[in-house]
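> So in our numbering the end of the sequence shown lands on 303, straight run, no missing numbers.
FYI, nobody ran anything at the bench for these hints, they're computed from the structure. Ideal placement from N, C-alpha and C gives every residue a C-beta, glycine not left out. Incorrect hints may appear among the rest.
What follows is a list of derived Cβ distance ranges for each label pair [claimed, not checked]:
1) R45 - L234: 25 to 35 angstroms
2) G35 - T237: 50 to 60 angstroms
3) N108 - N241: 32 to 42 angstroms
4) E251 - D26: 33 to 43 angstroms
Okay, derived cross-link-like pairs now, DSSO-like style, lysine-lysine, Cα gap no bigger than 27 angstroms in a straight line [stated by the list, open to error]:
5) K104 - K33
6) K231 - K255
7) K5 - K81
8) K5 - K51
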Amino acid sequence: MKKMLFIFNPRSGKAQIRNKLMDILDIFTKAGYELLVHVTQRPGDAMKAAAFYGSSVDLVVCSGGDGTLNETISGLMKLEDFPNLGYIPSGSTNDFASSLKISKNMITAAEAAVSGTPFPIDIGCFCGDRHFVYIAAFGAFTEVSYLTPQDKKNVLGHQAYMLEGMKSLASIKSYCIRVECEEITLEGEFIFGMVTNTISVGGFKGLVTQDVALDDGEFEVLLIRTPKTPLDLTNIINYMFLKEEPNEYVHKFRTRSLKILPEEPVDWVLDGEFGGTRREVQIINLKKRIRIMRRPPKKR
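Whenever a hint applies, use it, and build me the whole structure from the sequences.
Here is the structure:
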């Protein structure tokens, strides 16, 4: 009999898995899997479970938000051989599920996890000891995702991020950094930077280009310089959300790897969770490293 490790976060989103759990387990059992179920209790649980049990199963399925997905994949990355991965999104935003076109309907996602086809995705290696699935970021608003309380996310959903983000408008900080990669070298003061492999960030699809491939071995990079006047800030926002003419404060490019060298330690966010305070950062794209189950895209 095939074996599955099912990891789920019972508090993710609005704890919606409680009403779907029996149906999900029924789908897995009917698909011929012997189940090992792990209910996360605290941060880091999903990573430990994936690393400990992942090598003894044929399929790992996780359910939760982007943080649960990150932990599960981070655990799998500790293995020599990776089992296929299924994902049932149940978080407040679920950026990467949107990029993969994985259904927000938990039953549909569960069916895809056992009957879909494996799709290889790139994984980000962060400073050699951490991994991220779809975003590594620093600067303005990045602390919102991991400082917004879970109960507020559950009640308000995506609006919770907007509310918390507005509170940090008055305290935007500049970072003096140097960015080095094969394509470009940049220096100066920046208020925000992100390295992504997704079409949606924080629920917004306008922050990255829409021709993103999740398996091409390249990241999409966005860096925003510190605006000098209120008009500069307005121009940045207009460019980002209204697609007006590019300006000198916004840099977008693609790369396989890059180094970010700040003058002082900088806080980072990896897939919506705190990624540590770093003085020097190297990010490398691990091409097609994890296979995630999904329904094949419909042919046009």
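> Compare the structure with each hint and give your call.
The hints, checked one at a time:
1. R45 - L234: 25 to 35 angstroms: For L234 against R45, whose Cβ atoms are near 46 angstroms apart, the range 25 to 35 angstroms is violated.
2. G35 - T237: 50 to 60 angstroms: At 57 angstroms between Cβs, range holds.
3. N108 - N241: 32 to 42 angstroms: Because 36 angstroms falls inside the window, the suggested range holds.
4. E251 - D26: 33 to 43 angstroms: violated (53 angstroms)
5. K104 - K33: holds (24 angstroms)
6. K231 - K255: holds (20 angstroms)
7. K5 - K81: At roughly 22 angstroms apart (the allowed maximum being 27 angstroms), K81 and K5 satisfy the hint.
8. K5 - K51: holds (22 angstroms)
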